[in-house]
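*Asks:* Guided by the hints, dock chain R onto chain Y, whose structure is given.
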Amino acid sequence: MSAAPDPAGAPILKVEDLHVRFPVSGGLLGRKRTLHAVSGVDLSVQPGQCLSLVGESGCGKSTTALAIMGLQPPSSGAITVEGRPVYGPGAPDRRARARLAQIVFQDPFSTLNPRETVGRALSQPLMLHGVRSRAERAERVATALRQVGLLPEHAARYPHEFSGGQRQRIGIARALILGPRLIVLDEPVSALDVSIRAQIINLLMDLQQNLGLSYLMISHDLGVVEHVSDRVAVMFAGQIVEEGGWREVFTAPAHPYTRRLIETIPNPARLTGGASEILPPAPEPPSGSIFWPPVDRRPDISQPPEPSALVSIGEDHRARVRPV
Amino acid sequence: MHIPFRLNLTLGLALVSLVILGAVFAPLLTSHDPILDADLMNSEMPPSWDHWFGTDSQGRDVFSRVLHGARVSLTIGIVAQAINSTIGIALGLSAGYWGGWWDDVVNGLTNLMLAIPSLVFALAIMAVLGPGVMSLLIALGLTNWSWSCRITRSAVMSLKSQGYVQAARTLGYGDIRIMLTQLLPNIVGPVLVMATLGIGEAVLAEAALSFLGLGIRPPAPSWGNMLTDAREAIRSVPWATIFPGLAVFITVLGFNLLGDGVRDWLDPRMQVRA
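Residue numbers (full-length UniProt numbering), protein chains in the order written: chain Y, 1 to 324; chain R, 1 to 274.
Accuracy of the hints is not assured; some may be wrong.
[Claimed, not checked] Estimated spans, in silico, between C-beta atoms of each pair:
hint : chain 1 : residue 1 : chain 2 : residue 2 : range
1    : R       : 174       : Y       : 309       : 40 to 46 Å
2    : Y       : 223       : R       : 112       : 52 to 58 Å
3    : R       : 109       : Y       : 195       : 51 to 57 Å
4    : R       : 105       : Y       : 302       : 26 to 32 Å
5    : Y       : 34        : R       : 128       : 47 to 53 Å
6    : Y       : 296       : R       : 174       : 46 to 52 Å
7    : Y       : 57        : R       : 100       : 23 to 29 Å
8    : Y       : 221       : R       : 180       : 33 to 39 Å
9    : R       : 35        : Y       : 134       : 52 to 58 Å
10   : Y       : 161       : R       : 52        : 30 to 36 Å
The hints are simulated quantities; they were obtained by calculation from the structure and are not laboratory data.
For every residue, glycine included, the Cβ atom is placed at its ideal position computed from N, Cα and C.
Just chain Y, with the same shape it has in the complex (with noise of 0.2 Å):
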């Protein structure tokens, strides 16, 4: 990095070439392996945008998410979150951090705690960051709820009398309590039915208008992503294999893996806007280099990546090459 950045560019969330690596003991004779789970990521959320940062499953998603919240350190590899690290010297306490970095998860039945009330499971944190005074607590939880399209009465109730859409707003409304500008959102509505998502969907989007807030998504649902997000990073075995504005990923994939998960959404030119129902063709890598890592053999996790690149193909658009 240079000098001093310039305040008003300087990203809320950034990560540095994130390695996450899991020991794993194989087979009879216990032979020690590594899972390379993620392999020198890098990410960064300017304020008031959505980043969608999307995969498979196994992909490394979600471990990075984990990472980034403080719940799994990485292996190696630098985030910051206001400018401030998660880990290592000079990090703030994890009540500190809790101020700047929320999260949401997907699992919307065991995101509750099914003996809390929702009221406590909103108050308790207030408690615990110094909100003394019982009134200013019950105010704010009552104004999170009314956020998040509920009633304050509701805060009397227990998660299991809640429907799946309900309980994705309480996990919402928990985030938003301490008022952190960072939402890392862990494929929000992945696990709901169909006829709530755009519910939810459009609930982030106020709040995000409505409280400045930034996001980072993860998703492995392209036709979820393309509403909501400002930009796309695409993540494959643990790297990211493309990123860009999502217009420009969107239109011009280039990326096989990337067109491959496009041809995945039942009607892609809808997204785009464009007549067509067939993709574009592939731009070329540039010249004396492939598209890495190849999407026809599931790559191995248990080796480090080949050397490889993110290289501008476009303006706000970059892929992952590797020299021939």
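*Replies:* Chain R alone, transformed into the frame defined by chain Y:
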């Protein structure tokens, strides 16, 4: 689902209250002293109006001895199991949540405790400490926590990846607070069932140790030493063994039903909102 009446809770509560009330009001409910009113002229009498449960080989009132024995048995059962549960829950929660080397240490200890029959271990402790209520509490309270620990640990391990536990961490909850407010309330069911079973087990273990002469010293009544005393005459004087045996049975059954009922009652999913 609407359950207006919970049979297990009601019955368990009734049996446990019966035993507890009997223990608390033993001096008021009995007209014979459990130790001093030994009347050899009236020994081995079958149940009658004067001696509801009959008399034993020394002519002491069995009813009075069963009620006074309940004080000893219940105190030891409840206190010993409270110690066991506290140890088991504390070790199981911390081992399941933190994992790592601490989990290995706790696991090793648990396996060690499970490998030694707890009654034999308790016997050894009693042999060192000598008979008496305090030694019984220590011996029974330190030797039967392994199952509580196991169950707590495995429940915690399956719960700790739940969204609400992760969310608590991202909201800044400390580890101890997560264990006490997020994990403990969700494992209260199995832990309560273990604890109530444990009370029954401790009552039985106390009886066994007293039976072996290492528990409560005669002539003080305890269900265990009553069984020892009457065992040889079990054919001719069956009431002297049946009633203390029945007392153990009712106590254990009562605590089991109660634990079951309380688990249902504590579960908010079983509650119906009007």
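*Asks:* Is the hinted range of 30 to 36 Å satisfied by the C-beta distance from residue 161/Y to residue 52/R?
*Replies:* violated (51 Å)
*Asks:* Looking only at beta-carbon atoms, does the pair residue 174/R, residue 309/Y fall within the given range of 40 to 46 Å?
*Replies:* The hint (40 to 46 Å, Cβ to Cβ) holds, given that residue 174/R and residue 309/Y are roughly 42 Å apart.
*Asks:* Verify the CB-CB distance for residue 223/Y and residue 112/R against the hinted window 52 to 58 Å.
*Replies:* At 56 Å between Cβs, range holds.
*Asks:* If you check the beta carbons of residue 109/R and residue 195/Y, does the distance land in 51 to 57 Å?
*Replies:* holds (52 Å)
*Asks:* Just tell me: holds or violated, for the beta carbon distance of residue 35/R and residue 134/Y against 52 to 58 Å?
*Replies:* Since the Cβ atoms of residue 35/R and residue 134/Y sit about 57 Å apart, the hinted range of 52 to 58 Å holds.
*Asks:* Does the Cβ-Cβ separation between residue 105/R and residue 302/Y fall within 26 to 32 Å?
*Replies:* Given range 26 to 32 Å: holds, Cβ gap about 31 Å.
*Asks:* Verify the CB-CB distance for residue 221/Y and residue 180/R against the hinted window 33 to 39 Å.
*Replies:* At 38 Å between Cβs, range holds.
*Asks:* Quick check: does the Cβ-Cβ distance between residue 57/Y and residue 100/R fall within 23 to 29 Å?
*Replies:* Distance hint for residue 57/Y, residue 100/R holds at roughly 27 Å.
*Asks:* Does the beta carbon distance between residue 296/Y and residue 174/R stay inside 46 to 52 Å, or does it fall outside?
*Replies:* holds (49 Å)
*Asks:* Do residue 34/Y and residue 128/R keep their Cβ atoms within the hinted range of 47 to 53 Å?
*Replies:* Because 50 Å falls inside the window, the suggested range holds.
Hint compliance for this structure: hint 10 is the single one not met.
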